[in-house]
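Trainee: As a plain string of letters, each chain reads:
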Amino acid sequence: MDKPTNQRAWLLVLPVVLVVTFSAVVPLMTVVNYSVQDILGPDQRVFVGAEWFRKVLKDPELHGALGRQMVYSLAVLAIEIPFGIALARLMPKRGLVASLGLVVLALPLLIPWNVVGTIWQIFARSDIGLLGVAVNGLGVEYNYTAHALDAWLTVLVMDVWHWTPLVALLCYAGLRAVPDAFYQAARIDGASRMAIFRHIELPKLKGVLTIAVLLRFMDSFMIYTEPFVLTGGGPGNATTFLSQYLTRFAVGQFDLGPAAAFSLVYFLVILLFSYIFYTAMTTSRREEGK
Amino acid sequence: MARIDLRGIAHSYARGPAPEASYALKPLDHTLEDGGAYALLGPSGCGKTTLLNIVSGLLRPSQGALLLNGEDVTARPPEARNIAQVFQFPVVYDTMTVFDNLAFPLRNRGLRGPEVRARVEEIAGLLDLTGDLPRRARGLSADVKQKISLGRGLVRRDVAAILLDEPLTVIDPQLRWLLRRKLKQVHESTRVTLVYVTHDQIEALTLADKVIVMNEGRVVQAGTPQELFERPAHVFVGHFIGSPGMNLLPCTLDGDAAVLADRRVPLPEGVAARARAAGGPLVLGIRPEFVRTAAPEAPGAIPVTFGRVEELGRHRLVTAELGASPLKLKLPEGAPFEPGEAAWVELPAEWITLFADGHAVR
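For the record, the sequence lines run as chains A and B.
Residue 653 in our numbering sits at position 238 of the first sequence, and the numbers go up by one each step.
Residue 598 in our numbering sits at position 140 of the second sequence, and the numbers go up by one each step.
Bound conformation, chain B alone (with noise of 0.2 Å):
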């Protein structure tokens, strides 16, 4: 069990001197409390990996320190820290049995016998490996070569936190399921710190109890999943989350609401004031589950004409137009709209996000 402090970390790969540009990842500052489970959400090139890997040592920070429980360890080899990390090519010892694998990190520390069994055997019975225990290696499928990968960094007694680099993106999706089942089980058990790597906002938000999402090397907000969805910081994580992303409208302001298309659309209570303080561009976010359709000429309705409408099972997925910008709603099927219909939207205040240059404004 683990506290792991980052201070001031920073990373470019660019040898000698590094500009400014050339940075990975942009000083941050962030602790992941013992026996969390955080994903690293964010886009390819985020610097999530890399973040990931100082955690684990096998990348030096150009800047900054790593503190496990309070020691710093930046210096320290990864064989010297007590984390395990899984990747995402199944990494196993073709030429070992299951059994072997599992012990090879123990048998690595000088461990020997009964007391490699018994721990081999259990971190086996937590993830359903026992029948396997006997195969070789070699030619097993890839869920089960993960599931290998992450006993041998469970089966340590001292391992303070598990680091998991996209593991699940070379898995069947049908199987893909019942893996992160597993991983949220072993993790309730086990109480180990997880920190775990992904571009899938899907699997970031049912594994993790606080995500944070990272863009262009930079954390762009931290949170717990609800957090995230409700309340956004940065109209990129507005984009970033949610299937489909947060609808973002350019608008103006014009007393207490915003303006839309001609429209005045009500805002929360000293939003308006604030955004004006802060400057900048404003966009004024709302997620398509929010937006409503209301009677014509209702007090804070706006016209849009209905563009594309999808089918998606219990619900339809709407593309409007609102002026020149698009807008997207769910509607629940079976509801009585056309393609090419003119109709009236409400956007109510509460779930309403006013970003005034990119930030939000609360």
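For reference, chain A alone in the conformation it holds in the complex (with noise of 0.2 Å):
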């Protein structure tokens, strides 16, 4: 049986296709534009082909801010996941608990990113904070301020605290739609509660668990606000992320050329890791579907 076609339905597509190309293609194009020109003045434009890239692939510093990058993105992924994972298993069911558990879990995420930031970064002060003046209490020396390792576990923490509600609000979901039958199955069948989550609650999760790691490593890999007004970046540049780092460039220095140059390497560079996480993740469902 031939399936009728029907161009006219191309119409209907138009007007998303006009909103993306103005609000993205467009700009995008921009920047690729000022990628390869050097920005004298308003008017006073060079063409410089790849030299901006050449240059930008080059620095020692962005080196430097990519690998700090990569440390995050990989320390965040490897604590929030399971941890969510565990938050998502001890939360019952149904009932008032329940409910009151997921209001209170979600609380993190309704906070605005930059009084995120603001939050932590009084909390952990070492004078006035109560976390950073617990710890010190405690005997261990705590300054986020001035030691490189405290900023960075300062950071870490607070981008668990605000993050893994995520994951666990997701995995949730996911387990509840897992019906009653296979854990009475599981039961009859004598699984200890380590065999039940590898056989029956893991696989179910696949799913889910592909969303949660594309959006938290992709949100962690562009990661501005809440390190910025935490640290600022600092001590030194021991917590300049990749986006403050290209920031700094754009905006502070307003060499639009390297910056836009930067920009594109930098999307091409999420694109690529999260291609690869896609891939790995859904390559094995694939092959069991057939």
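Certain hints may be false.
[Stated by the list, open to error] Chain B stretches covered by chain A per the calculated footprint, using a threshold of three residues with CB under 8 Å from any CB of chain A:
(1) 548 to 559
(2) 562 to 574
(3) 765 to 772
Don't read these hints as lab results, they were simulated from the structure.
The beta carbon of each residue, even a glycine, is placed where N, CA and C say it ideally should be.
Please assemble the complex out of the two chains, which come individually in their own frames, going by the hints.
Mentor: So, in structure tokens, the structure goes:
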């Protein structure tokens, strides 16, 4: 049976295409345009080809920022994903406690990101902050403005506090979709709690975890506001991540050419890693489906 | 193999002290003999799944005791009882192969290697799953998944009883028949006590040696399919069993006989007297299969008007009117009767069941 073709459907897509063109494609093309030019003044532009790309890719400070960013993103994933799954498993399936738990869990997600940074900036201060004073009181020397390691730990803890609820909520929804019969059958089969997790919960969570990993990876790779408000990138450049480095270029120094080149490279790096993650997590599912 | 004794089992899903009305399962005493095939039959909400979950240990009864081979196991969790359960929703572990699925209960109990392999292959042979053993469990059809679920129950040597909670509901009708036969074969060769919950009477009557009919949390009658069909103990059983169910005609008594639409219908000996003693509203029950056509004005015959006639292949189902009540009867194919026609039927006394206040009088 031949399906009738109707090309008029393309007209329905037209409004969306126009909107996306103006809001995304055109600005992107502008960036590409800037990335191959040296902008000396409003009307003075010189075409320099791939010079900015070469300069940016060889920049040692960029390499430093990239390295720090990678460590940060991987650390965030390594902590938040298991922690989120554990939180989701702890929540009861139904009832008042479950509802209250969900609300409390979601609260950190509702706070504006720069407010999150401000909260933790004050909270972790070693002179007047609850956390800072408590830790120092316990005998551990802690000052996030002075020590790089302390700054790193504080930024990580802040991110975990802020974003683990997202992973937990996604996993909770995923777990709720598992029919009771599975748990009952596993009990009768004599499966241990660990076996139930491995053979029932984890496979059923695969779809939800793909989303959670992708979202957390992309967001943490682009993170800007929270660490900027908390540490300002310091001490020195210990917590200067990629996006902050880029902003310094474009906004601080107004060097649009290299900034544009760097933006494109940044975009491509995120695209590449997301593609790798996505393919890794969905290939096995596709193979099984056959 | 096990004998299952239910002593005063009752259950309410309400929390705290529960009022009488909230009991999903009213107090009941019953014994399921070792090696028997039992069906729990009843409409939705009658308490059969509750009872099944109590037997398997997934539910702790509000009252009463459950004994397995004389031992009180009411407090024992399901993993410590030698009971397997197959659910309505096919449960297989997607990430494992069929072999690993069947081996799972054995491995969880500490068995290894060649012992596991031998037992799994034996059960796979019994269930015609040998060819599927190396395949991934994900993506198999529902009937194969249910066979795997059943296999996981059978694979444990010490399993005392297998409980099945409407397992064929999700199976395609043409495969349902095959799976029912396979279940019967499995029961005959392994002689494990089988308890099968269903609301489909065909399944219950073909699979079970003994059927326990339940309604609104109570056991209404327990007996062989033959007994339930021919000698129902309650109006509910008469109506529920049979396709269509029993005709239930309100009647009165006149001496030794019942009176229907001003006609006397002879009853079996002594029934009328016992019915009078029992008291309560009287209902005369007779199955459509046993209603016979009669010559006009024959002794004991009753005039009826034929209504709708349905062709059901080898016979026709006629819905007639007897006075104000409908009367269904089955006529052989090609019998020369038309809708709207007046005719005479007789109700043979040996097939009549008189119900006083819902309960059969014998």
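Trainee: It remains to establish, for every hint, whether it holds in the given structure.
Mentor: Right, here's what the structure says about each hint:
no.: 1; hint: 548 to 559; result: holds (count 5)
no.: 2; hint: 562 to 574; result: holds (count 4)
no.: 3; hint: 765 to 772; result: violated (count 0)
In summary, the one numbered hint that this structure violates is 3.
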